[in-house]
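K.L.:
Sequence:
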Amino acid sequence: GGFFLFLMIGCFALFGPFSALALLVVLLIASMIAARFATHPVLEGSVDIVYAFGAYSRTLTPGLNFMLPWEKVIVHLNTKERQWTCPEQTVPVSRGEDVHLKAVISYQLMPVDAHLAILQVENWEESVRELFKTLLQSAVVHLTQEDFLAWPEGSRSRPGDAGGMRLNNPEREEGAHWAHINLLLTEQMQERVAGWGVTLNWVYIRDVTLTPRSNNSMNATSGLDAAKAKASPPPVQAQAQP
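The opening position of the sequence shown corresponds to residue 39 in our numbering, with each subsequent residue numbered one higher.
These are computed hints drawn from the structure, not numbers from a lab.
Careful, some of the hints might be misleading.
[What the hints assert, rightly or not] Here are the simulated EDC-like pairs of lysine to aspartate or glutamate, each with C-alpha atoms no more than 16 angstroms apart in a straight line:
# : residue 1 : residue 2
1 : K118      : E82
2 : K140      : E168
3 : K171      : E135
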């Protein structure tokens, strides 16, 4: 602003008012063109990652941002909350029983650290989901006998899971029974994904079911054990010397 004013005063003093007016028009047009290419609006609930000279430069937050000519937006990231229902995970807990777990998680990118999702991990959202599947399966070791109750007669059950076990009246009791698992998974996930610019809002276990393994799976396991035993060489017996 001060530089433009200096030019206007100098032009007026040297060339008169008409030249100063013409210079003003030129400066206004040049300013509008520069503003058109130098400003970059960002919508609410998102951020833009800016690179300069092939390296990360800064993160543009929601609102009107000004960019330098050598800066370039390389990716647009959504920072709104996302909820994802994890597919049912089946974990064997014994030779004849499996645990089935279902869960929902809520996560989102932190605007300040969103650039880490690009710099630290490839395909950040898929990585978050795969990590949760792994941690959900490992959480089976923290389940106790109190987390499972036998199905009462006429209670809600899973089709085809005869003889299975699950929470009695889950709508009322699941929060109390699974609160420790929800908290454990939330803490483990937050510790892992913080370096990716992600925050985990909550974890909600929807269902934990203990079911007997199908006959086909048990037969396959037994057949594999038998094949291993058959393939192993017989023990060598020592012959007594006369």
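K.L.:
Compare the structure with the hints numbered earlier in the document and write down the numbers of the violated ones, lowest to highest.
P.N.:
When the structure is compared with the hints, only number 3 turns out to be violated.
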